[in-house]
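Peer 1: Here is how the chains run, residue by residue.
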Amino acid sequence: MEEKQRAEVRIEVTDGAAIPTEKDRGLLSAWRIAFFGSIALVIGLCIYKPHPYLDILEFVPDGIRVTFEVTIISIILSFFVGMLTGLGRISKNRGINLIASTYIEVIRGIPLLVQLFYIYYAVGSFTRIPPFFAAILAMTICYGAYMGEVFRAGIESIDPGQTEAAMSLGFNKRQTMFYVILPQAMRTILPPVGNEFIALLKDTSLVSIIAVADLLRRGREYATSTFNYFETFTMVALIYLIITLLLSKFVSIMEKKMTPYE
Amino acid sequence: MNKKDPIIQIEHVYKYFGPFLALEDINLQVDKQERIVIIGPSGSGKSTLLRTINQLEKVSSGRIVVDGEEVTDPDVDMNKVRMGLGMVFQNFNLFPHKTVLENLILAPIKLKGMDKNEAEEIAYSLLEKVGIKDKAHNYPKQLSGGQQQRVAIARALAMNPKIMLFDEPTSALDPEMIGEVLDVMTNLAKEGMTMIVVSHEMGFAREVADRVVFMDSGKILEVGTPEHFFTNPSHPRTKKFLSQIL
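Taken in order, these protein sequences are the chains called A and B. In terms of the numbering used here, the first sequence has 132 at position 132, counting the first letter as 1, and numbering is strictly consecutive. One gets the numbering used here by counting positions in the second sequence from 1 and adding 262 to each.
Treat the hints loosely; a few may be bogus.
Computed, partial: chain B to chain A, Cβ under 10 Å [stated by the list, open to error]:
{"hint": "1", "residue": "Lys342"}
{"hint": "2", "residue": "Leu347"}
{"hint": "3", "residue": "Phe357"}
{"hint": "4", "residue": "His462"}
{"hint": "5", "residue": "Thr487"}
Read the hints as simulated data drawn from the structure, not as lab findings. Idealized CB from N, CA, C, for every residue including glycine.
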């Protein structure tokens, strides 16, 4: 609230893909060029040189599945961790508030790759953690912190009059949060959550380093056994790009569908 | 009619915002079925006083008893007391993610455990009473200000409160919509609802109020019948205020 009152201009650039909207014609055209361009390129390459391009395309789908598994499980878990963290950040209980704030501060200050190593190798030296589980744990802890800030901002963006109205009807604080504030906050946080989702999908490529057989890992396996580095990583990059572009489109459609009451 | 039966007692209430004294030694007793209109210049503490009654604003010291419950006691179940205390806000504060009907049935279902059909039946009859039954399935944003405020009144009534608090209910409305909201409030008064209204609508005060309370600088300066108030005010500050707005 204080930030709003100061009326500062804040430039917010996140690391997810840009979400194409009707208003931003330039971005929409860029989305079309990138999306259809990369599809055409994949098809063209597979027709022009089936070996190795088509072979690569047949080799990596297992990895795409793993990438999606890690992404979806992590995003769902980090959504709930984020909700708890966001509620903790606005809590009037100083202990809870301090725990949530410290968690966010610490996690945001450590690179994800280091967190991944820490869980898999450092913690893993005491108790063996399966790579897939370590990957999801690291992603959830990291993105839960980011998501916590998204939730906090979303909740604080709701007019305090809404809380007063709910309280005046006899709702307690918890009921007010779950029946009145959070449903409204969900709408405002959908775009940033979509952004986090896309950013998380890209960041899952890091888990290939701890022996999770994701898209990048499968690509590396193919490349090292055939020495087709250029062809393999071209295809891997194009597949990531197509997935990311599809997701950003999906988020923009969801965003439009989420505004029934205005 | 059971007049002279206090339902709200406010005793020696002080409220500070930091060093600023917003309410100074407020004493007021409201009887069952009484209609009180609180007037006064802006910043005089009218809304703050109203909001202390349902504890949206905590008092710094003093005592408030509402329907036998001492709301200034930190151990009181405030949520339960608030269920019997309807409040209408200047900015309506309808839930924008819910339809008009859903706005009305949310609290009765969740807080009173009312059956959905029963809650809807009550909601429809309240919407009919405030004259917007046909908007039941619209969202608040699709309604005019006057319509939204009537929905807000109906939402508060859906909990079947004993007392209704109105915090400048017409101040955010376009002039042509003020009448429709005041009509609803006047009808409510005729039905015998206990009402405390913070308002600048002198016509409404004159017509509906049993007593008018005049506040300035956090103090109650004068309390009296509308007749006394508008024809023969005793306090010089009241005279000056009335001469400025009438």
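Peer 1: Against each hint, give a clear statement of whether it holds in the structure.
Peer 2: Results of checking the hints against the structure:
1. Lys342: holds (7 Å)
2. Leu347: holds (7 Å)
3. Phe357: With Cβ-Cβ at 6 Å, under 10 Å, it holds.
4. His462: violated (20 Å)
5. Thr487: At 29 Å from the nearest chain A Cβ, Thr487 (chain B) fails the 10 Å test, so the hint is violated.
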